[in-house]
Amino acid sequence: MTEEQVTKAILSELIDNGWTIVAYDFPQSGTGKLLHPNDITDEKNKGGIIPDIIAVRGGTCLFFENKDRVVLADFKKIESLRRDNRYRAAIEALLADFDINGIYYGIGIPSHKFNAQAKAASPTVDFIVGVISVGKSEFLYNPNNLTL
Amino acid sequence: MGKTDIADAQIDAAEQPDIWNRHVPVEKSAYVQETAPVFFNLDGLRVPDGSLTMLDLFCGAGGFSVGCSWAGFFPVFGIDYLEPAITTWKANHPDSICCLGDIRLTDAETIRGLLAERGVGHINLITGGVPCQGFSIANRKHNDLDNRNFLFLEYMKFVDVFDPDYIILENVSGMRSTAGGQFEKDIKASMESMGYTVTVGMVNAAEYGVPQVRQRLVFVGVKKGRNLSAKYAIPNGKYSSSKSYRTVESAISDLPKLGNNECKSRYTAKPSSEYQTLMRGEGEISIPKPKGLSNHTAPNHPQETVDKIASTKQGQPMYPKFKQRIRLAANAPSPTQLAGGIRPQFQFGHPTQPRGLSIRERARIQSFPDSYVFIGGIVQERVLTGNAVPPLMIYELVKPIAEDIQRKNEESRHMYRVWYSTESFADYIIDHTLLSSRQVVKNKLYESDANNPARFHTMPDHIRKILYLDAPDLIVEKDNEPIFSVEVTTEAGTGHNAFQRFARIAASVENEVPAFYIYPEGVIIKRKGSSPRWDVINPAVFKALDAVMSIYDIPALLYYFPSDITDYPNPNAADAPNIRNKGLQFDRDIVKYSGCPNSASGEMAKMFDALNEVISATEAKGTNSGRVSLLRNLVIRERRDFMSSQFALKARGQDLGAMSPISATVEVPTQSLLNYLSRYEGANYKIGELLRNREKTIIYKVNARFRGDPYPGALAALDYLLCREGKTFEERRNNLVLVFGSLSVDSDDQAITVTDDNGSSIESFFSDVKHSEQHNLLSKDYSELENSVIPRYFMQVRYGSTYSKVKHVRVYSYFADAILFPDGSLWRDA
Chain A
7 MTEEQVTKAI
17 LSELIDNGWT
27 IVAYDFPQSG
37 TGKLLHPNDI
47 TDEKNKGGII
57 PDIIAVRGGT
67 CLFFENKDRV
77 VLADFKKIES
87 LRRDNRYRAA
97 IEALLADFDI
107 NGIYYGIGIP
117 SHKFNAQAKA
127 ASPTVDFIVG
137 VISVGKSEFL
147 YNPNNLTL
Chain B
523 MGKTDIADAQ
533 IDAAEQPDIW
543 NRHVPVEKSA
553 YVQETAPVFF
563 NLDGLRVPDG
573 SLTMLDLFCG
583 AGGFSVGCSW
593 AGFFPVFGID
603 YLEPAITTWK
613 ANHPDSICCL
623 GDIRLTDAET
633 IRGLLAERGV
643 GHINLITGGV
653 PCQGFSIANR
663 KHNDLDNRNF
673 LFLEYMKFVD
683 VFDPDYIILE
693 NVSGMRSTAG
703 GQFEKDIKAS
713 MESMGYTVTV
723 GMVNAAEYGV
733 PQVRQRLVFV
743 GVKKGRNLSA
753 KYAIPNGKYS
763 SSKSYRTVES
773 AISDLPKLGN
783 NECKSRYTAK
793 PSSEYQTLMR
803 GEGEISIPKP
813 KGLSNHTAPN
823 HPQETVDKIA
833 STKQGQPMYP
843 KFKQRIRLAA
853 NAPSPTQLAG
863 GIRPQFQFGH
873 PTQPRGLSIR
883 ERARIQSFPD
893 SYVFIGGIVQ
903 ERVLTGNAVP
913 PLMIYELVKP
923 IAEDIQRKNE
933 ESRHMYRVWY
943 STESFADYII
953 DHTLLSSRQV
963 VKNKLYESDA
973 NNPARFHTMP
983 DHIRKILYLD
993 APDLIVEKDN
1003 EPIFSVEVTT
1013 EAGTGHNAFQ
1023 RFARIAASVE
1033 NEVPAFYIYP
1043 EGVIIKRKGS
1053 SPRWDVINPA
1063 VFKALDAVMS
1073 IYDIPALLYY
1083 FPSDITDYPN
1093 PNAADAPNIR
1103 NKGLQFDRDI
1113 VKYSGCPNSA
1123 SGEMAKMFDA
1133 LNEVISATEA
1143 KGTNSGRVSL
1153 LRNLVIRERR
1163 DFMSSQFALK
1173 ARGQDLGAMS
1183 PISATVEVPT
1193 QSLLNYLSRY
1203 EGANYKIGEL
1213 LRNREKTIIY
1223 KVNARFRGDP
1233 YPGALAALDY
1243 LLCREGKTFE
1253 ERRNNLVLVF
1263 GSLSVDSDDQ
1273 AITVTDDNGS
1283 SIESFFSDVK
1293 HSEQHNLLSK
1303 DYSELENSVI
1313 PRYFMQVRYG
1323 STYSKVKHVR
1333 VYSYFADAIL
1343 FPDGSLWRDA
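In the order they appear, the protein sequences are chains A and B.
Letter by letter, the first sequence follows residues 7 to 154 of this note's numbering.
Letter by letter, the second sequence follows residues 523 to 1352 of this note's numbering.
FYI, nobody ran anything at the bench for these hints, they're computed from the structure.
Just so you know, even glycine gets a beta-carbon here, dropped at the ideal spot from N, CA and C.
Worth double-checking, as some hints may not be accurate.
In silico lysine to any residue, SDA-like type, Cα no more than 25 Å apart, as pairs [as the list claims (entries may be wrong)]: (1) Lys1114/B <-> Ala95/A; (2) Lys835/B <-> Ser808/B; (3) Lys73/A <-> Gln875/B; (4) Lys1114/B <-> Thr153/A; (5) Lys1050/B <-> Leu154/A; (6) Lys73/A <-> Lys1050/B.
Chain B is faced by these chain A residues, among others (derived, beta-carbon under 8 Å) [claimed, not checked]: (7) Leu17; (8) Tyr30; (9) His118.
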């Protein structure tokens, strides 16, 4: 399963369950929304991030970083986002049209790739979604009782 | 001859059961095979190359087999339970397998296995003239519960097992009224339940050139999901009005006259009509010529019958009690020819001779060719010729079926492979073009050995060649030949950025592969302190693409990425509905076609049309011939004209020289360049011919630190816009030089100076080249290579570091005759 397939499988399930897709991206899709670090708005500035999926339902926002395998750097990236709020302004601007109560940052991977490393790194993220097949995913880590 | 020839005189009215009497039970024919089915010619099956294959169920004498064979089908198997039918069918189909037996006692799976063992896998068509006695209005024992009415279920068992592309079931017109029309509905529903789209219609054989009025109900089913026509349309017959129907005279007037009980086996006259020519194997349809004249024997009438016929006017009944038994009218088509029961008397009187028709004359009226021999004795041959479906009508009905299957086979012959950067884009192109009905395989495209060292070498050579400069988003190949590439971007196309992807287009066209470029007409940009506004495409890109097309005679076409720019131009960009996506309209299906342009837009529809033109041209003419003819294609020409008009519209009178990146160039005498490079000459070295031979030099000034995008693409565009006159960089009018640094020109002294404003250094170039060398395996020993890496090593042995250098290094070194840095230079000698 490629990163593209992981992202599209999650998108499919989110859309089917009434989520509004605010942003999505996968390698070479050309759809990514570049989020600048706080207080830096020059479009050409480095340091920007492109979220793989941002979805909103009700007052809940899910922020995904997806891969075709477990990459610990992604967990660190998510941890940084949660902890440092470095992109808060950009995220808030992106979600300006929505009334958001909570933003949850997590990882999307093929379900069968969930391994001991990912398990150990789980507490650094808000959720981990495992893709089994298109339209069929499961929470591998979900302390906040989120639902897709 | 088969059974004993029983003369009509011996069929005494008193002995003959009255088949028209409802109270008399239906007689069973003595020729029915009631015991276990018997197979014939199991070792003699010979299917001609290129034939479509068919099964003929309830084949009778073989009307379906004959008509379908004229259209290109070969009947591999026929089955009937009447012995004279199979005897006749077998004699006329010596290379086919047949079965004498009740279809209810056969097993379709067994027959499929028999055929598979003999090399027949797929069956294209199953035909069935399901016995009509149960449905026939002519059979006055018409009975809805007649067992023969349910034989279509046996037919459907064969359909289920063989799963053919097409099915045809034919029956008498009385089927329509049977059980209040329920049988027709049930048959249609049964076919549909097996995945067929069904057409039901009443056809009249006379409208298809048969010299007989014969209404039949036909069911034609097309299997869904096989790239066949969506639905079969019954073709109109050429003989649409009764005034144009072929007549009895045109059918049989050339056959020799016969006296009572006389037989003749030679023609005595030439054909006198187009129909007779056809029947004698000399017409437009490829029909064997007969070996002499067969089945032309007059019935043996008692004198009373001869007198009866002689005294009857043409077109009138000979017997008041039996209205169907008429003396034929020469100048009209025959009424429906019947079997007339299991031991029929003659039905029709000859129009000009006092006798009943010969079997050959009955065969002619049914459009069986003279080469088709009937065997079974005169009485059973009447049954066969009466029950048969007319081959000529079947031929006309089946011709479009054969063409459809052959078209599908032809299209399936080609294997398409789509190389993609994203699977979404591959699906987008496949689903919206002719590729959706072709055999297509999708493969991930790996850009370079530098980007994808683990995978790049696994791609075929002919694809790698297109990638030597840069990789487009999609390449489509047919039978291992690339036929087009597509590049899509959502970047703002202003200034130099318009050419960021140009090298990909150039690489495709330089390999004679048509290139399609999806580019935004504009993109909404929001800058701090100002309102959102459209950044509009740099029109110079149209000129560059046109230059590429002019040199290579291969299409390089641009299509606008759909956007809101037309309806919300500046200064109303802020109102654009898709402002979140920079004004771009993406496809609504963001799962299947993630990141793809709105497929419902007019621009994309035009692009799909153009892609289809490329596909069709390469299928029709072959890949090479198809590609080189494309610039003459009207759809392609229209796009080229549009691009030209868009340049004029968007340039708004601005000179090309004032547009990026041309505005970043300066033309100098080549002597100026040579003077600059003379610092590298010495006693043992002089700058080579290549630069010297061109009078002028175009210098692209990039006053920035050494880097890639957007400059490689811009450099490629400048080659085509200002320098190139032929298909290689050697065929340039002007030298093309890239300067990283600040350039000053002294025209008087023919001197140029390159200074540093931005920290640009030749060391950056060397650093990038050295960095690329980390992908180089050539310095390794064999023992250091893992097995999976050996093919990559072998590729590098052949191509060196062609694919392992970083992209901008590849592009600069390909397009630039020289690269000048403040602290060093690189140049070509030849």
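Evaluation of the provided hints:
1. Lys1114/B <-> Ala95/A: 31 Å, violated
2. Lys835/B <-> Ser808/B: Given pair Lys835/B, Ser808/B is violated - Cα atoms ~38 Å apart, limit 25 Å.
3. Lys73/A <-> Gln875/B: Violated, at roughly 90 Å.
4. Lys1114/B <-> Thr153/A: It holds: about 23 Å lies between the C-alpha atoms, which stays within 25 Å.
5. Lys1050/B <-> Leu154/A: At roughly 37 Å apart (the allowed maximum being 25 Å), Leu154/A and Lys1050/B break the hint.
6. Lys73/A <-> Lys1050/B: Roughly 33 Å between the alpha carbons, so the hint for Lys73/A and Lys1050/B is violated.
7. Leu17: Constraint on Leu17/A satisfied, holds at 5 Å.
8. Tyr30: 7 Å, holds
9. His118: Hint on His118/A: violated, closest Cβ of chain B at ~20 Å, above 8 Å.
When the structure is compared with the earlier hints, violations turn up for hints 1, 2, 3, 5, 6, 9 and for no others.
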